[in-house]
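Chemist: Construct the entire structure; sequences and hints are all you get.
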Amino acid sequence: MKRVRLGGLRLLQSAALLVTAVCSSAAHADWYNDGKVLLTGGVFTVDGAGGGGAVPWATISGYETRDGINGSAAFTYVNLPALQVSFYGVNVGFYDRLELSYVTARLSLNLSNVDLVGLLTQSLNLGDSLGINAWNNTLQMDTYGAKLRLFGDAVYTSDSWIPQVSLGGLYKNNMSKDLVHTLGANKNKDYEVYLAATKVLFPISTLVNYTARYTSANEDGLVGFGECSGNGNCTNKRKIRSEVSIAHLVAKNTAIGGEWQQHGDNLDGKSLNLNGLDTQGLASLLQNLGLGGLSNSLTQKKEGDWFDLFMAYAPNKHISFVVAYLMFGNISVAPDQNGFYFSTHLTF
Amino acid sequence: MTIRKSTLSLCAALLALCSASGAIAGETKTKPIMGIPASSVAAFGGVDGIHNWVESLFYYIMLDNRINYIFKEFGNVDRQIALNTQLEHMVLGGPNEYQGASMSAAHADLGITMTKFNAVVEAAYNACERNNIPYYNCNDLIAALAPFTRVIVTR
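Heads up: the sequence lines are chains S and E, in that order. Numbered per this note's numbering, the first sequence finishes at 414, counting up by one with no gaps. Numbered per this note's numbering, the second sequence finishes at 341, counting up by one with no gaps.
To be clear, the hints were calculated from the coordinates, so they are not data collected in a lab. For glycine and all other residues, C-beta sits at the position ideal for the given N, C-alpha and C. Each hint should be verified, as a subset may be incorrect.
To be verified - List of simulated lysine to any residue pairs, SDA-like, C-alpha gap at most 25 Å:
no.: 1; chain 1: E; residue 1: 217; chain 2: S; residue 2: 270
no.: 2; chain 1: S; residue 1: 243; chain 2: S; residue 2: 383
no.: 3; chain 1: E; residue 1: 215; chain 2: S; residue 2: 100
no.: 4; chain 1: E; residue 1: 258; chain 2: E; residue 2: 244
no.: 5; chain 1: S; residue 1: 305; chain 2: S; residue 2: 208
no.: 6; chain 1: E; residue 1: 217; chain 2: S; residue 2: 331
no.: 7; chain 1: S; residue 1: 383; chain 2: E; residue 2: 255
no.: 8; chain 1: E; residue 1: 217; chain 2: S; residue 2: 272
no.: 9; chain 1: S; residue 1: 243; chain 2: S; residue 2: 301
no.: 10; chain 1: E; residue 1: 258; chain 2: E; residue 2: 323
no.: 11; chain 1: E; residue 1: 215; chain 2: E; residue 2: 264
no.: 12; chain 1: S; residue 1: 383; chain 2: E; residue 2: 217
no.: 13; chain 1: E; residue 1: 217; chain 2: S; residue 2: 208
no.: 14; chain 1: S; residue 1: 367; chain 2: S; residue 2: 300
no.: 15; chain 1: S; residue 1: 367; chain 2: S; residue 2: 331
no.: 16; chain 1: S; residue 1: 383; chain 2: E; residue 2: 251
no.: 17; chain 1: S; residue 1: 383; chain 2: E; residue 2: 245
no.: 18; chain 1: S; residue 1: 255; chain 2: S; residue 2: 369
no.: 19; chain 1: E; residue 1: 215; chain 2: S; residue 2: 267
Claimed, not checked - Reference listing, derived: stretches of chain E covered by chain S, where coverage requires no fewer than 3 residues with Cβ under 8 Å from a Cβ of chain S:
no.: 20; region: 243-249
no.: 21; region: 271-280
Modeler: Quick look at the structure:
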């Protein structure tokens with residue numbers, strides 16, 4: 067036992083030494099590369115993959131060319147009337163071929179109707195299986211991603227219509243299991259697969275991207291995946307949804323554009339799933355309290371597709387900023403969510 | 187002795203062949219998918235403007251330690267400026283004669299990486315800015331030169 071532990075420790079030590087050696091000796095020699103032209107690696111999406119704001123592109127994130135490795139870190143803040151989300155993430159691009167990414171999202175929900183349910187269940191001791199807190203509902207989701215460039219060069223094949231095409235996968239783990247179930251979702255963890263095609267059209271200084279994503283996500287997974295109807299009938303039907311990004315470069319360091327991301331309808335028209343509770347009891351209780359209207363207000367609206375208009379500015383290869391105006395339509399029980407997006411992308 | 191003589195003559199024949207084929211092969215206009223506007227040469231300020239742009243390009247190339255040594259080692263910069271002016275004029279529409287070697291022949295042994303190619307592209311954008319050539323016109327030239335990546339980047 068002791069020997070095994072020692073062996074493990076030795077292994078760890080040598081691994082650490084190796085990492086240090088590689089990092090220090092070759093830090094700016096062999097594998098490090100930042101040879102891409104400004105902005106051609108895209109910025110940091112909310113899924114952690116390189117791309118626009120919400121739509122992953124076929125480009126590999128970071129400024130590396132096929133000659134080396136580069137990485138980036140990013141912070142994104144989204145402010146909508148009913149919720150705020152912070153995204154913290156990193157990604158690494160290998161030889162302009164493979165990209166690995168991780169991002170964690172913290173979403174604070176300020177929905178007075180949902181909070182009121184939390185307040186009632188809490189004060190009436192109805193149990194806490196809903197995952198609703200009376201004062202502060204926070205959802206957390208981690209997303210792990212990988213993207214492989216299959217073929218094509220988005221930038222330099224200006225004499226061919228063939229775009230750069232990449233295949234990507236995302237694994238999303240929403241830690242707020244109870245809350246996403248209460249909001250009517252089936253699963254809190256799931257994967258998504260996407261195929262992205264990106265092309266820079268120099269004569270019109272515009273980057274065009276189309277992505278097809280195979281997913282069952284509700285609001286990108288922030289409200290889980292799939293759906294459960296009231297009778298406990300749960301499904302997780304993945305479908306192919308379309309996403310489009312158009313970025314027009316007005317200068318070599320500034321892009322403006324827009325995005326569209328198709329969303330599903332898993333939770334449309336569903337009330338909050340109060341399975342853990344005696345819902346009849348809650349309804350009559352609400353009636354008695356003169357809050358009968360609350361049950362109606364807990365019906366989720368039709369999930370809106372995401373639209374955004376953005377401006378990206380990269381003063382140099384180490385930092386870029388994106389500001390965007392978001393038009394996300396209805397999110398869960400909150401109607402017409404329009405707001406702002408701010409992102410900082412640091413590239414090494 | 188006889189062997190040496192025949193080797194020499196073989197070399198001479200090869201040289202003649204190379205220069206002859208070089209003159210014929212040269213380089214041809216690229217075919218960007220959306221075309222190059224007919225006004226491109228004028229947007230660069232005519233042939234004189236293109237020449238100025240190429241001078242600026244080489245100014246920025248020779249400042250960039252990632253690539254300047256290649257140009258110092260393998261090329262006569264004045265000659266390259268003259269030939270590049272012809273090349274850029276041709277790909278932007280011409281019509282004119284390009285007297286240099288093909289892009290593949292000229293770069294075959296240089297071991298150019300994508301990183302180095304991109305460094306020249308960065309110099310090209312800097313040259314456009316320096317010469318007050320609008321970004322959109324600059325992109326027409328980049329579109330016209332981009333297909334050469336396939337033969338220039340050999341590593």
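Chemist: Confirm or reject each hint.
Modeler: Cross-check of the supplied hints:
no. : hint            : result
1   : E:217 <-> S:270 : holds (16 Å)
2   : S:243 <-> S:383 : violated (39 Å)
3   : E:215 <-> S:100 : violated (31 Å)
4   : E:258 <-> E:244 : holds (11 Å)
5   : S:305 <-> S:208 : holds (22 Å)
6   : E:217 <-> S:331 : violated (45 Å)
7   : S:383 <-> E:255 : holds (23 Å)
8   : E:217 <-> S:272 : holds (18 Å)
9   : S:243 <-> S:301 : holds (16 Å)
10  : E:258 <-> E:323 : violated (29 Å)
11  : E:215 <-> E:264 : holds (23 Å)
12  : S:383 <-> E:217 : violated (31 Å)
13  : E:217 <-> S:208 : violated (46 Å)
14  : S:367 <-> S:300 : holds (19 Å)
15  : S:367 <-> S:331 : holds (9 Å)
16  : S:383 <-> E:251 : holds (17 Å)
17  : S:383 <-> E:245 : holds (22 Å)
18  : S:255 <-> S:369 : holds (20 Å)
19  : E:215 <-> S:267 : holds (18 Å)
20  : 243-249         : violated (count 0)
21  : 271-280         : violated (count 0)
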